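Residue numbers (the numbering used here), protein chains in the order written: chain L, 1 to 257; chain H, 1 to 219.
Derived from the structure by calculation, the hints contain no laboratory data. Only a predicted model underlies this, so the values are computations on that prediction, with no experimental measurement involved. A hint or two may mislead.
Lysine-lysine pairs mimicking BS3-like chemistry, simulated, CA-CA at most 27 Å apart [as the list claims (entries may be wrong)]:
hint, chain 1, residue 1, chain 2, residue 2
1, L, Lys30, L, Lys248
2, L, Lys125, H, Lys135
3, L, Lys83, H, Lys47
4, L, Lys89, L, Lys20
5, H, Lys213, L, Lys107
6, L, Lys107, H, Lys214
7, L, Lys138, L, Lys125
8, H, Lys47, L, Lys89
9, L, Lys83, H, Lys135
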Amino acid sequence: MTDASPIRRAARQRPLLEYKHVHKAFGVFKAIDDISINIYPGEVVCFIGPSGSGKSTLLRGTNGLDPFDGGEVIFDGLVLPRKPSDVRKVRRRMGMVFQNFELFPHKTALQNVAIGPITVLNTAKAEAEQQAMALLAKVGLADKADNYPVNLSGGQQQRVAIARALAMQPEVLLFDEPTSALDPETIGEVLSVMKALADEGRTMVIVTHEMSFARRVADWVIVFERGKVLEEGPPEQIFEAPTVERTKEFLGHLGWA
Amino acid sequence: MTLDWSIVWLNKGLLAEGALMTIVLTVLTMGLAVPLGIVLAFMRISKWRGLALLSQCFVELFRNIPLILIVYWSFYVIPILVPVQFSAFTTGLIALVLCVSAYNAETFRAGINSVRAGQTNAGLALGMSQFQVMKEIILPQAARRVLPILATTWVSLFKDTSLVSVIAVGELSHVALQIRSQSFRVLEMLTAMAVIYWMMGYPQAKLSDWVRKKFEVKE
Numbered sequence: 001m002t003d004a005s006p007i008r009r010a011a012r013q014r015p016l017l018e019y020k021h022v023h024k025a026f027g028v029f030k031a032i033d034d035i036s037i038n039i040y041p042g043e044v045v046c047f048i049g050p051s052g053s054g055k056s057t058l059l060r061g062t063n064g065l066d067p068f069d070g071g072e073v074i075f076d077g078l079v080l081p082r083k084p085s086d087v088r089k090v091r092r093r094m095g096m097v098f099q100n101f102e103l104f105p106h107k108t109a110l111q112n113v114a115i116g117p118i119t120v121l122n123t124a125k126a127e128a129e130q131q132a133m134a135l136l137a138k139v140g141l142a143d144k145a146d147n148y149p150v151n152l153s154g155g156q157q158q159r160v161a162i163a164r165a166l167a168m169q170p171e172v173l174l175f176d177e178p179t180s181a182l183d184p185e186t187i188g189e190v191l192s193v194m195k196a197l198a199d200e201g202r203t204m205v206i207v208t209h210e211m212s213f214a215r216r217v218a219d220w221v222i223v224f225e226r227g228k229v230l231e232e233g234p235p236e237q238i239f240e241a242p243t244v245e246r247t248k249e250f251l252g253h254l255g256w257a
Numbered sequence: 001m002t003l004d005w006s007i008v009w010l011n012k013g014l015l016a017e018g019a020l021m022t023i024v025l026t027v028l029t030m031g032l033a034v035p036l037g038i039v040l041a042f043m044r045i046s047k048w049r050g051l052a053l054l055s056q057c058f059v060e061l062f063r064n065i066p067l068i069l070i071v072y073w074s075f076y077v078i079p080i081l082v083p084v085q086f087s088a089f090t091t092g093l094i095a096l097v098l099c100v101s102a103y104n105a106e107t108f109r110a111g112i113n114s115v116r117a118g119q120t121n122a123g124l125a126l127g128m129s130q131f132q133v134m135k136e137i138i139l140p141q142a143a144r145r146v147l148p149i150l151a152t153t154w155v156s157l158f159k160d161t162s163l164v165s166v167i168a169v170g171e172l173s174h175v176a177l178q179i180r181s182q183s184f185r186v187l188e189m190l191t192a193m194a195v196i197y198w199m200m201g202y203p204q205a206k207l208s209d210w211v212r213k214k215f216e217v218k219e
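In isolation and in its complexed conformation, chain L is listed as follows (with noise of 0.2 Å):
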């Protein structure tokens, strides 16, 4: 799907997500400068550059978990609220990713997946955990339902995190830098899943560092720097032939030639 998607994306109707002249400061710090982009659906779209560049602050504030100071943002031709118990309605149709998984300790991997279901929509204990199960065997940890977080490693507990968010069926996820809390040999499986899920053909936003998955699996990578968008394009585009000279160094310093 990756050699289509500029055609893709042209001929696309409407955006899922669009972003339009979002902003945030922290202080007199311009966290994101005036942003306005779009994610179609069925894309996966990885959000690359330096720490400090608003990729994190931007996917955060996508769910209203840490809100814009202005601008919109356009989920399904739909205004994100600013009334706390409106955004809900949404927020369940996207799931998120943590950096840190903040999976619930005191609950198994089985009931850290079933859990939405059951307090959110209302599904019933035995269906909501039958569906967990499968969730779990998808993601490769079936055997590990009745484990405690604690009892996981870091990779495991990450794609619980996966199917846990999964479990909303959500039209959209948000990875935030997924990958940065883990030890490098744990890194890879939780890789493998997401490029699984990006198979499916899932529209996915991912906050990332991981330079060569981003070449590998996105369908539209948006580079940025200082809060504003330095350069957007397919992969081969930007790790080929970037067009801006900033993000030629900022590839270059990442060792990515």
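Here the structure of chain L is known, so what remains is to put chain H in place on it, guided by the hints.
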């Protein structure tokens, strides 16, 4: 100086009643101070500034003055404030509850705050309400951290109930000190008192250690 330990045995019935009263006071105080502490903790973290301030004032008042003063204060002030005549027992209980709920409020507040913000975000990201996050995610984790502290408070409270003896509540200290005054068997009665407190307190302290170990937070 001759010691006559028979005074202890002669008064075993009274001492047993006193010991029972000490246990009743401890249980009742904790039984009331836990829910009250929870209410105060929620007031303190509430969005309404007035409620938060009220709770803060209560907590900072009662945890920063000596319990014995609260006991005396209750004894002299409550009859002025309310037209009802409370027994010494009720007055002592009120004093203990005022003090321990202030401690418990801080314990619960700290427990709730100790659960990191990312946990709340994870719950909210699933679409949970603030209430559901509190109930499903924060409170169960906070409870594990709070229990060992409550156990410690319990052990202190058990001993601190002795302070209500100053307003003639018939718990172990009061009974023992009364017998001492009437019989002049000072050393015997004080020793007996110490032994009884220790025999009751030791298992509780051990239980508290066990609770601490059992609910130790692993992450």
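Here is what the structure says about each hint:
A distance of roughly 23 Å separates the Cα atoms of Lys30 of chain L and Lys248 of chain L; the hinted pair therefore holds under the 27 Å criterion. Restraint check for Lys125 of chain L and Lys135 of chain H: the C-alpha separation of about 17 Å stays at or below 27 Å, so the hint holds. In summary, the hint linking Lys83 of chain L to Lys47 of chain H is supported, as the alpha carbons are separated by about 16 Å, within the 27 Å threshold. Annotation: proposed proximity of Lys89 of chain L to Lys20 of chain L holds, straight-line Cα distance about 21 Å (limit 27 Å).
Our distance criterion of 27 Å between C-alpha atoms is met by Lys213 of chain H and Lys107 of chain L, whose separation comes to about 19 Å. Between the alpha carbons of Lys107 of chain L and Lys214 of chain H the distance comes to roughly 16 Å, so the proposed pair stays at or under 27 Å and holds. Of the supplied pair hints, the one linking Lys138 of chain L and Lys125 of chain L holds, its CA atoms being roughly 20 Å apart against a limit of 27 Å. For the proposed pair Lys47 of chain H and Lys89 of chain L, the alpha carbon gap of about 23 Å is at most 27 Å, so the pair holds.
Pair hint Lys83 of chain L plus Lys135 of chain H holds up; C-alpha atoms about 21 Å apart against a cutoff of 27 Å.
The structure meets every hint from the earlier list without exception.
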